[in-house]
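When you get a sec, could you build the whole thing from the sequences and use the hints?
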Amino acid sequence: MSGQLVTGLKCRLCGKLYPKEALNFCTDDFGPLEVAYDYEAVGRTLTREAIAARPRTMWRYRELLPIDGEPTVGRHVGCTPLIRADRLAKELGVAELYLKNDAVNYPSLSFKDRVVAVALSKAVELGFETVGCASTGNLAGSVAANAAAAGLEAYVLIPDGLEQGKILGATIYGAKVVAVKGNYDHVNRLCSQIAFRYGWGFVNVNLRPFYAEGSKTMGYEIAEDLGWRAPDHVVAPMAGGSLIGKLHKSFRELETLGLIDGPVKTKMFGAQAAGCNPIANTVKTGAGKVKPIRNPETIAKSLAIGDPADGWFASKMIRETGGWSEDVSDDAIVDAMRLLAETEGIWAETAGGVTLAVARKLIEEGRIDRDGSTVLCITGNGLKTQEALVDHLPRPVVIRPTLADFEALVEDGAEAFAGLTSTSFA
Amino acid sequence: MALVRIPTPLRPQTAGLDKVQASGATVGEVLADLGRQHPAIQDRLFDGAEIRRFVNIYVNNEDVRYLEDLETPVAEKDEVSIIPAVAGG
Chain A
1 MSGQLVTGLK CRLCGKLYPK EALNFCTDDF GPLEVAYDYE AVGRTLTREA
51 IAARPRTMWR YRELLPIDGE PTVGRHVGCT PLIRADRLAK ELGVAELYLK
101 NDAVNYPSLS FKDRVVAVAL SKAVELGFET VGCASTGNLA GSVAANAAAA
151 GLEAYVLIPD GLEQGKILGA TIYGAKVVAV KGNYDHVNRL CSQIAFRYGW
201 GFVNVNLRPF YAEGSKTMGY EIAEDLGWRA PDHVVAPMAG GSLIGKLHKS
251 FRELETLGLI DGPVKTKMFG AQAAGCNPIA NTVKTGAGKV KPIRNPETIA
301 KSLAIGDPAD GWFASKMIRE TGGWSEDVSD DAIVDAMRLL AETEGIWAET
351 AGGVTLAVAR KLIEEGRIDR DGSTVLCITG NGLKTQEALV DHLPRPVVIR
401 PTLADFEALV EDGAEAFAGL TSTSFA
Chain B
1 MALVRIPTPL RPQTAGLDKV QASGATVGEV LADLGRQHPA IQDRLFDGAE
51 IRRFVNIYVN NEDVRYLEDL ETPVAEKDEV SIIPAVAGG
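Here the protein sequences line up with chains A and B, keeping their order. Going by my numbering, the first sequence wraps up at 426, each residue one higher than the last. Going by my numbering, the second sequence wraps up at 89, each residue one higher than the last.
Simulated from the structure, these hints should not be mistaken for laboratory data. These numbers were taken from a predicted model, which means no experiment stands behind them. Heads up, the beta-carbon is just placed ideally off N, CA and C, and yes, glycines get one too. No false leads were mixed into what you were given.
Residues from chain B that keep clear of chain A, each with C-beta distances beyond 10 angstroms, as calculated:
hint	residue
1	M1
2	L3
3	A25
4	G28
5	P73
6	A75
7	K77
Cut-off 20 angstroms, straight-line C-alpha distance, at most; resulting in silico cross-link-like pairs (EDC-like, lysine to aspartate or glutamate):
hint	chain 1	residue 1	chain 2	residue 2
8	A	K289	B	D69
9	A	K289	B	E62
10	A	K291	B	D47
11	A	K291	B	D69
12	A	K291	B	E71
13	A	K291	B	E68
14	A	K291	B	E62
15	A	K90	A	D335
16	A	K289	B	D47
17	A	K289	B	E50
Right, here's the structure in full:
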């Protein structure tokens, strides 16, 4: 049904229009293409009431997603919890804090299920039988899982040296997983060449304009769950820089459609690791170009993209909204992962640690107003990045199966729980 | 002469060729020679004197932004690749 609502693809630099095909850049100036909608037509059927009556999946906003007809892949994705995080808010010294928890997205436990649902539904429409992606891990798992369920053949290219959880989380689904010697930027370049050479549907290469739109659903859900309002601040992790731009686009679209009251004043804050901070650097310096990072080094591997495709757009948008960007050390990332888990019971992947650690820094710097409403985007699950924690958490205390041992532990052994090595009590 | 690899979307500007031999001691000179042989390609790659924001140039396997951009030396037998820079995440 929404096919007629998409007017085509449009160059983000020169505005040239293209038909709805598997093409990701303008052939005149290489500017990235994005989906253009007929918002007047969208507004005729997309109302708060219509949305509320639909199933709780990301497809409840389907008029704003670029597929023709009904979705065929990832029909159960989205509508993850927006959690009011009062214990964490108290810790950070802010009034109103929320966590958008895509660590529990279906089926592969990251926000990438949103973009893949759109990209692969589009791939099916366009007649692709083989799909692929360049990935730092989460996308690999999501493409593999969703392609398996849709009966598509999948090639997943990753940098070698990824976390075990992410490698297994792609291979279990029968995808052809190829580890490339190098970093994500090498993988990315190779995928650009492969997509042209074989004519496959690479979700983040030639299907990218459609794919990227899936991220907007995270923003729609945030606004709907806040009672149809945009928050004052959003903190989101940045790898290629696409998500944060789409989150902001989602609020502006809701404003255009009259689904939230405008003008949208949400300040957007981008989070990166100190070992891979090209977009944060660009925001801080106000440079007109993103200077890529040649050898990213951080435990936040899902954010280790040295040459971010949307970096320039993201940095520009962040500054225009009055937001900011920061980067944090690996130690701060681990501390934040533990803080999130201990205060709110959420085990995020390393990128979640980056997001929280950066939020904390921005609050301390006074860039995030303590009285406003703040949403932190948690985009992936900690089960996939266990390596980051193994040397930082206490081992279990070992006791004999006697009540006496347990009593002694409770009464005298508090410090035993704090140790980093396995403790044999009594 | 260096070998310049032409990506699919630029092949209409090179009469369908996927690779072109071009001469020059730097990336800038090689691309200038490519532009002399196939004038239509010049505007696609350059915005004034600068390589367009979303065009990446590689010498062998190295992005020239990590080297000396247009001043990056190019030897005989080197391969220069032009790759659209839009992918990611």
